[in-house]
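Q: Here the protein sequences come in this chain order: A and B. Note that the working numbering gives residue 48 to position 48 of the first sequence, counting from 1, and the numbers run on in steps of one. Just add 1000 to the spot in the second sequence (first one is 1) and you have the working numbering.
The set of hints was computed from the structure by calculation and includes no laboratory data. Being a predicted model, the structure only gives us computed values, none of them experimental. There's no promise every hint is true.
Below, simulated BS3-like cross-link-like pairs (lysine-lysine); rule was C-alpha separation at most 30 Å, straight line [as the list claims (entries may be wrong)]: (1) A:K92 to B:K1091; (2) B:K1342 to A:K9; (3) B:K1411 to A:K9; (4) B:K1091 to A:K9; (5) A:K82 to B:K1082.
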Amino acid sequence: MSFTPDDVKRVARLARIAIDEREAIEVLGQLDRIFGLIEEMRAVDVSGVEPMAHAYDVTLRLREDAVAEPDQRELFQSVAPKVEHGLYLVPKVIE
Amino acid sequence: MHRESLKSLSEALAGGKISSVELTQLFLKRIAGFNARYNAFVTVDEERSLAQAREADNARAAGRAGPLTGIPIAQKDIFCAKGWLTTCGSKMLSNFVSPYDAHVVERLNEAGAVTLGKTNMDEFAMGSSNESSFYGPVRNPWNVDCVSGGSSGGSAVAVAARLAPAATATDTGGSIRQPAAMVGVSGLKPTYGVCSRYGMIAFASSLDQAGPMAKSAEDMALMMNSMAGFDARDSTSLERPLEDYSRDLAKPLAGLRIGLPKEFFAAGLPADIAQSVEAAIADYRKLGATTVEVALPNMKLSVPVYYVLAPAEASSNLARYDGVRYGYRTPEYRDLEEMYEKTRAEGFGAEVKRRILIGTYVLSHGYYDAYYIRAQKLRRLIAQDFVKAFEQCDVIMGPTSPSTAFRIGEKSSDPVQMYLSDIYTIGVNLAGLPGMSIPCGFDTQGLPVGLQVIGSYFDEARMLNVGHQYQLATDWHLRAPAGV
C-alpha cells in the first residue's frame, strides 16, 4: 500500500477534515508505515471464518416503545456554540 | 493518611477518625502541591468536591453509609460528570460542561464517593503514552522525564503519586493496564459489557470498557462493587445480577492453573521485564499455583487488527464533532462544509486526525472487505485462541507492556512503534475478556514493571483474588516514588 497526497486529501475530504498540502505530505509517510503494519493481516487464511463485530455473539436488546427520557432541550442546548429560539444555528445552506 | 488503602480510609471514616471534608481537603491540598509537576488533573473544582464531601458526611451521620461513602476519587476526563468540564483531553471539548452523568459516575455518586477532579488523558483515549492530550503530557512520578503510559495516564499518576486513593479509567486496547504497569499501580479492565458505556465518551464502541485503578486488587474490588451494573441506556450493557467482587479475595491459590503463552515471552521482551514477570510467576508457584504452557498463535495479528477496527469505529463515533451541538466551533467560516472541515481540523489533534483518516479509508468503498471485514474475521480467530487456552488454565499471565516507561518524545514521531506498546494488551479487548495489571518489580532504571493477569469471561472476582493473594505475599504494590 502506498499513498499519494491526493489519496490523503480525498480521505480527509470524506472525513470532513480540512488538510493542506504540507499536512497531506506529512501524514502520507505515517499512513504508509501504519498500512505496512496492517498488511500483515493478509498472511492468514480467513476463508470460512465468520466476522466478529462484537465481543460476544449477542442479539441487541429491544426496549419498550415508550418515552423514557424527559424533555431536556434547554439543558442540552445550553452547551451549543450557537442557538436561537430553541434551534441550533448553522450557516445558511439553502439560498 | 494519603498513603492508606481505600479499605482503611473507609474504616477511618466509619470510626470517626476523619471526616470526608477533611479527607477531601487533604487530597485537594496534595493536588494543588503536586499537579504542576505531574499534570495528572485537568480540572479541579474544590467547592464542588467539598459540597459532595459534606453530603457524604451528612449521609454517614444519618446512618446511610456504604464502603465508599466519603471517599475521594479521581474521574478520568472521558466520563461525563454533571456540571464538570468534560474535555476527553481534546480542544474539541475544551469548553464542554456536561449536562449529565455517565452511568459509572452516577453509580459512584450513589455510593457516596467524592469526585476530586477530572484526570488528564490521551485525546479521545487515543494513545499509549499520554502525549496526545491537548493539555500536555502526564509525567511519570518515578521519573518525570518519562511518560505515564496512556490513555489513562492521568488516573494512573493520580493514584501512583497518592493524589487520589483510587480513580476511574477506560481501556480500549490497554489504556488501563499499560499506564498502571508504567507507574506501578493496579488496574482492571473488566469483561466487555460489565460496566455501562453510557456517558463514557465513545472511541471504539466494541472495545471500550471502564474499570478501576487503585493501589491494590483489594481496593479495585471495592471500586468494582460500585462501578459495575446493568444499564438499559447502553445497548451493550449485560443484564447480570450485581456481584460482590470482594467475595473471593481471601481464597487460597492452591490448585490455581496459570497459563503462560509462549508468545508473551518471545524475543524482544527486555531481560529485566522478563525477570520480574518470571519472579512473580515463581511467587505464584510458592502460593500453590501450577503453570502450563498455552498458545495464542494469532496474537501477533492483534495490533494490525486493532488498527483497522478501532479507527473504523472511531471515525464513525467522532463524526458527531461537527461544531453544531456542543464543543468547539471554528471562529471563521463561509459555509456549512467549511465550518465542519475547519472545526474538525482545528479541534482534533494529530493522532486523532490520523486515526479518523485510517478509519475513513478502511471503511470506504472498495476497501471495506479487504480491511474491515477481514479484521473482524481475524478478531474471531484471536478470541478463539483465548477460549482454547482457557480449556487448560484458570488465568493467563505475562508482561503487561513490552517496555517500561519510555522518555517523553522518544516514540512520538513513529506511530507504529507507539502502537506496538500495546501488543500484549490488545488481544484481551478484541476478545472482550477481563485483564488486570499489578506491580511486580522494577527495571534496571528503577521504573515499575507490570504483571498482566487475563481471566476468562466474567472471572473478575477470581482475578482480584489472584491479585490480592500475591499482594499479601509481596510489597511491590506498596512502593511509592520518592517524595510521595
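Q: For each hint, tell me whether it holds in the structure or not.
A: Here's how the hints hold up against the structure:
| no. | hint | result |
| --- | --- | --- |
| 1 | A:K92 to B:K1091 | holds, 26 Å |
| 2 | B:K1342 to A:K9 | holds, 14 Å |
| 3 | B:K1411 to A:K9 | holds, 26 Å |
| 4 | B:K1091 to A:K9 | holds, 23 Å |
| 5 | A:K82 to B:K1082 | holds, 21 Å |
In this structure, every one of the numbered hints holds.
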